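Protein chains: 2
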Amino acid sequence: MKLIGYFRSSAAFRVRIALNLKGIGVEHASRHLRKGEQSTPDYAALNPQKLVPAMVLDSGEVLTQSLAILEYLEETHPEPPLLPKDPVGRARVRALALICAADIHPIQNLRVLSYLRDKFDQTEEGTFAWSRHWIETGFDGYEATVAGDPKTGAFSHGDRPTMADLCLVPQIFNAARFKVDMARYPTIQRIYANCMKHPAFDAAQPAKQPDAEP
Amino acid sequence: MKLIGYFRSSAAFRVRIALNLKGIGVEHASRHLRKGEQSTPDYAALNPQKLVPAMVLDSGEVLTQSLAILEYLEETHPEPPLLPKDPVGRARVRALALICAADIHPIQNLRVLSYLRDKFDQTEEGTFAWSRHWIETGFDGYEATVAGDPKTGAFSHGDRPTMADLCLVPQIFNAARFKVDMARYPTIQRIYANCMKHPAFDAAQPAKQPDAEP
Numbered sequence: 179m180k181l182i183g184y185f186r187s188s189a190a191f192r193v194r195i196a197l198n199l200k201g202i203g204v205e206h207a208s209r210h211l212r213k214g215e216q217s218t219p220d221y222a223a224l225n226p227q228k229l230v231p232a233m234v235l236d237s238g239e240v241l242t243q244s245l246a247i248l249e250y251l252e253e254t255h256p257e258p259p260l261l262p263k264d265p266v267g268r269a270r271v272r273a274l275a276l277i278c279a280a281d282i283h284p285i286q287n288l289r290v291l292s293y294l295r296d297k298f299d300q301t302e303e304g305t306f307a308w309s310r311h312w313i314e315t316g317f318d319g320y321e322a323t324v325a326g327d328p329k330t331g332a333f334s335h336g337d338r339p340t341m342a343d344l345c346l347v348p349q350i351f352n353a354a355r356f357k358v359d360m361a362r363y364p365t366i367q368r369i370y371a372n373c374m375k376h377p378a379f380d381a382a383q384p385a386k387q388p389d390a391e392p
Numbered sequence: 179m180k181l182i183g184y185f186r187s188s189a190a191f192r193v194r195i196a197l198n199l200k201g202i203g204v205e206h207a208s209r210h211l212r213k214g215e216q217s218t219p220d221y222a223a224l225n226p227q228k229l230v231p232a233m234v235l236d237s238g239e240v241l242t243q244s245l246a247i248l249e250y251l252e253e254t255h256p257e258p259p260l261l262p263k264d265p266v267g268r269a270r271v272r273a274l275a276l277i278c279a280a281d282i283h284p285i286q287n288l289r290v291l292s293y294l295r296d297k298f299d300q301t302e303e304g305t306f307a308w309s310r311h312w313i314e315t316g317f318d319g320y321e322a323t324v325a326g327d328p329k330t331g332a333f334s335h336g337d338r339p340t341m342a343d344l345c346l347v348p349q350i351f352n353a354a355r356f357k358v359d360m361a362r363y364p365t366i367q368r369i370y371a372n373c374m375k376h377p378a379f380d381a382a383q384p385a386k387q388p389d390a391e392p
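The listed protein sequences correspond, in order, to chains A and B.
Numbers given in our numbering equal positions in the first sequence, counted from 1, plus 178.
Numbers given in our numbering equal positions in the second sequence, counted from 1, plus 178.
Don't read these hints as lab results, they were simulated from the structure.
If chains are identical, the list can't say which one is meant, so a pair holds when it fits in one copy or spans any two.
Here are the simulated lysine-lysine pairs, DSS-like style, with alpha carbons at most 30 angstroms apart:
{"no.": "1", "residue 1": "Lys263", "residue 2": "Lys180"}
{"no.": "2", "residue 1": "Lys329", "residue 2": "Lys180"}
{"no.": "3", "residue 1": "Lys297", "residue 2": "Lys357"}
{"no.": "4", "residue 1": "Lys263", "residue 2": "Lys200"}
{"no.": "5", "residue 1": "Lys180", "residue 2": "Lys386"}
{"no.": "6", "residue 1": "Lys200", "residue 2": "Lys180"}
{"no.": "7", "residue 1": "Lys386", "residue 2": "Lys200"}
Only a predicted model underlies this, so the values are computations on that prediction, with no experimental measurement involved.
Put together the whole structure using the sequences plus the hints.
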């Protein structure tokens with residue numbers, strides 16, 4: 179398999195953590211998002227959405243959308259599991275994952291901020307305030323869900339990493355770029371610290387990728 | 179079970195279709211989003227994200243995030259299936275669902291448009307152009323994925339409705355409000371027509387809900 183990503187992409191970061199946790203070796207390739215390399219005809223032929231990541235299977239088939247790729251990896255490489263066994267627990271983990279992957283990240287990713295700059299004449303001050311607003315709105319919901327809930331353990335759901343943590347950690351890296359005050363989120367911070375002690379998370383972080391830039 | 183939704187919410191609409199397809203009877207309740215009824219303390223206690231839908235189980239546990247609820251319904255009421263059996267097919271369906279549920283809808287829902295109006299002084303012209311841009315960007319990717327692919331059938335994946343269709347149809351209703359030119363998307367239009375002939379989709383549409391308004 180080949181993962182086509184970008185060091186700073188939150189969505190590619192999620193998939194890298196999953197591959198590390200499950201011990202799946204893949205070839206890595208990169209598309210430089212700030213240079214628009216995700217919009218070239220050859221990449222658009224692989225992923226018509228012109229977004230990273232894309233996962234090219236040995237069969238030649240291409241998977242897109244990070245959460246769909248995570249579910250595929252879970253179904254084809256079930257150990258260690260990224261979802262609990264009980265349906266209510268699975269729904270809780272997926273809902274937490276979607277807070278980050280649907281209700282935060284798509285609203286403040288690169289292409290959206292470009293639109294705000296180009297069409298609505300927003301300065302960095304405006305786009306930073308926008309990003310912080312949606313990150314904080316999402317993290318408020320995440321924190322309120324996990325704080326004080328006995329289902330929360332060392333990680334967002336119990337004492338093993340799940341898809342929720344795979345989506346939370348990249349969003350926290352992103353939050354740091356926009357100077358979100360993480361002191362508001364003590365439970366998220368505790369989970370994050372536990373994740374980053376785990377080599378699967380640590381090795382997947384943007385700065386440790388071959389295509390990383392300052 | 180009780181589904182707390184809103185007639186015009188795309189996310190609640192997805193869940194209503196799933197319940198209809200699977201023949202699951204639930205109690206329905208509504209929170210009026212334009213009146214802010216999703217932000218009251220009693221509802222925030224159910225869903226700290228203050229978004230609809232929420233599904234209250236008979237056990238009292240609450241599920242949130244429409245895609246997590248769809249996966250829960252699929253796991254607990256597997257017939258008729260909303261996902262194919264093969265992992266690559268499941269990844270394709272989930273990716274299509276996520277184009278709508280992650281990469282279109284969250285960027286142009288009510289709370290985002292309110293921010294654009296209140297903080298960036300955008301008029302209706304600006305917010306409509308914004309909404310159309312993200313809907314068209316997403317539909318461009320959806321159309322390119324399904325057009326000419328032998329995996330596409332009467333519906334987005336084969337000849338039975340899947341989670342992809344459950345997310346696509348509400349997004350098309352939303353697109354109509356923002357006057358998106360659907361002639362650009364012949365395959366999506368064909369799939370949509372087939373969906374709307376199906377009573378499970380028809381009965382779930384906003385105008386047919388008890389809380390519907392003109």
